[in-house]
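Number of protein chains: 6
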Amino acid sequence: MKKSKPRREYNNRFERGMKVLKRMGREKLMLNQKAISEEMYDMSVGHLFGDVWGRPGLSLRDRQLVTLAANIAMARPSGNHSHYLSAMHLGITKREIIEIMIQVGHYTGWPTLSNAVRQFTEILEEKKKMDAAKKAGRVYHSKLL
Amino acid sequence: MKKSKPRREYNNRFERGMKVLKRMGREKLMLNQKAISEEMYDMSVGHLFGDVWGRPGLSLRDRQLVTLAANIAMARPSGNHSHYLSAMHLGITKREIIEIMIQVGHYTGWPTLSNAVRQFTEILEEKKKMDAAKKAGRVYHSKLL
Amino acid sequence: MKKSKPRREYNNRFERGMKVLKRMGREKLMLNQKAISEEMYDMSVGHLFGDVWGRPGLSLRDRQLVTLAANIAMARPSGNHSHYLSAMHLGITKREIIEIMIQVGHYTGWPTLSNAVRQFTEILEEKKKMDAAKKAGRVYHSKLL
Amino acid sequence: MKKSKPRREYNNRFERGMKVLKRMGREKLMLNQKAISEEMYDMSVGHLFGDVWGRPGLSLRDRQLVTLAANIAMARPSGNHSHYLSAMHLGITKREIIEIMIQVGHYTGWPTLSNAVRQFTEILEEKKKMDAAKKAGRVYHSKLL
Amino acid sequence: MKKSKPRREYNNRFERGMKVLKRMGREKLMLNQKAISEEMYDMSVGHLFGDVWGRPGLSLRDRQLVTLAANIAMARPSGNHSHYLSAMHLGITKREIIEIMIQVGHYTGWPTLSNAVRQFTEILEEKKKMDAAKKAGRVYHSKLL
Amino acid sequence: MKKSKPRREYNNRFERGMKVLKRMGREKLMLNQKAISEEMYDMSVGHLFGDVWGRPGLSLRDRQLVTLAANIAMARPSGNHSHYLSAMHLGITKREIIEIMIQVGHYTGWPTLSNAVRQFTEILEEKKKMDAAKKAGRVYHSKLL
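Residue numbers (this note's numbering), protein chains in the order written: chain A, 1 to 145; chain B, 1 to 145; chain C, 1 to 145; chain D, 1 to 145; chain E, 1 to 145; chain F, 1 to 145.
Given that identical chains are not distinguished, each listed pair holds provided it fits within a single copy or across any two copies.
Taking lysine to any residue and the SDA-like style, the derived pairs with C-alpha atoms no more than 20 Å apart in a straight line are:
#1 K127 to H81
#2 K129 to R118
#3 K128 to N32
#4 K34 to T121
#5 K127 to L145
#6 K143 to E122
#7 K19 to G91
#8 K134 to L124
#9 K143 to H81
#10 K94 to G54
#11 K143 to T121
Hints listed in this document are in silico derivations from the structure and should not be mistaken for laboratory results. For clarity, every value in this text was computed on a predicted model and none was experimentally measured.
One chain only, chain A, in its complex shape:
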């Protein structure tokens, strides 16, 4: 299999990653990675989004569903806020997001449900500010992203 693959180059993957990020409305994220290490940022865009999120075999919507689920499950202090935004950007409804919280919460514990509610509520507030700023021609940089 390895041999039959066309010889692709690494640099292409950065472009492919950026395309995926744009489809998800995430193209301005991970800049704190870029600030401390260009190579880390390059790997996040190129490998994670170009080579993993960009794979065939599972729709972008389904990749977002399972990523949201994994992140709700792990209940880490940061890193999931942006996935609520990209989920909505990809057409996953608020109702579906709530159902994912309930479903996953039963497999990883009620506090993961309530932590998800807290983070989702926070990011909905931030989204309002970002949208208002955009309308006014300003940029609002959210500390949650």
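Assemble chains B, C, D, E and F onto chain A, guided by the hints.
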């Protein structure tokens, strides 16, 4: 909202849970719970499957996707083998399951990917034995379920 | 067993849940759940507090002890602050809470101990503000709850 | 405070740890630690059981309750089987253990409940073998401990 | 082995712990533990730093490496910021810290990498403030420590 | 930075990954991944070992140290046995491994220490069988790898 809901009874939820379990091919599971506590089993069937899995707002396939993702993420020693079976029962393909492993593995660590491969490989072996036994009119009780 | 159970109705469980919450001094919590989904709130009050916390077979104090322990163990970013308050409301002493931190910390790691100390210290500060506000006839809404 | 404490010696703590282990019926455990490192075993007996479990301020029963809860929560592949045995040794009933599983399971996810059921069922089987061996004057060494 | 050990006293371990803490530039930490329980603080300094970090058999640098790795892996909301500071104090370079994030992140998930970047960036900002305050003869107490 | 990098090709990374795996004595692992998905195996060898483990900026020994630490911390049911072997292959001593268990165990809980002892003891037994088989010209395939 609470008031407008028709007065449903608890016992119905056990039946509703069993219906969901049958659609998923899982109706013979959780019997070790039944063996130590009827009430625990009743809650697992009635609440988890009747009241949670049976909710509208998210398709059964999507509930299975996010549950599989949450379980791969947590990498617990037991409890996920059966979800590979019900995922396939619901029409999620082997290819999709592999992509879920790759996708989730990047959010929860490579060993969760390799642990998922190990558990999936084990349950595919068990499934062969269960299917062969079924053909021969016997029952094969898998220790993994 | 299932058959012999009196036919209880779902709505009762919400009332039972509220009663448990009042005994624990928690009746004003989970309102951010209510804000995004009445049904989620209904399930949290009715199932988690009415049907789980309200079960016989383990005292309310012991349920609080093991819940506090599980939450200290998981060290999630939110969701445990309120349990220090309800623990004290139920008569668990500050000394006992400190011993639980030390005991659990040895089973889940020193940073879970120090994270618990941090959260406990934070909520003791908040409690002072809430008590002062109450005395003054005002309401202080803590962001930690 | 440090100064007012009587000058206790390290070696005493090993003896104190062994006393606690005997009260819990655990004095023959952790021998695989001893096999690879005497000092590790010394620290487990002396510090964990002598200096932590042996502390005043929380009853031995309560320490066992919260330890069981923390371990059910973490759902690690090994290390909790023995705590079901010491819990029963200390008088915590089977019914209480089941209620702890249900209570903790709601805070850490249904698979932690079902994993606990699996481990508890396994150790009850092992206990039968150990008890039968004891009656017959033999020793049965369980691989789960 | 136990018998051949010289009879050391507990109080010595507090001093030994403080020495280790000074070598790591951490001697002013864990004061919130001291505020709620002198004994907890005593155990943290004496056992964790005196008896664990102070052990021979693994260099202080290597102990810091594996501790940083374990903490990045667990992605707890607090408790790791200080370890970036002590790592740098012990001569671990910024480049090495970034490589640890990339390496560990692949074993515990991309969000643990990005959470580490966030925490490291935060603490570098705090360090600037602390250094500036020191120069000016003031003390800056960071909320992250 | 991205532009200045020489245009490397994906296929090279598989070879680079294999070289790293050989230095670590791991070249025969992850074959169960290959059995279910060539592409997954390709990514594990090429990305994880070729592009991550093969990076400059942190020695191979240090990458092994922090990986071992992260895996002991997470206490997953599989995936860490092989890292004890590669650690020893890279010259990390048994004593150092024991110290890593003690150090990490204090940051992630005593059961992660005892789980590590269990897994290390198991793999030392397997290693004896593998070495004996090798001497006899046979191959012993360990189920733990």
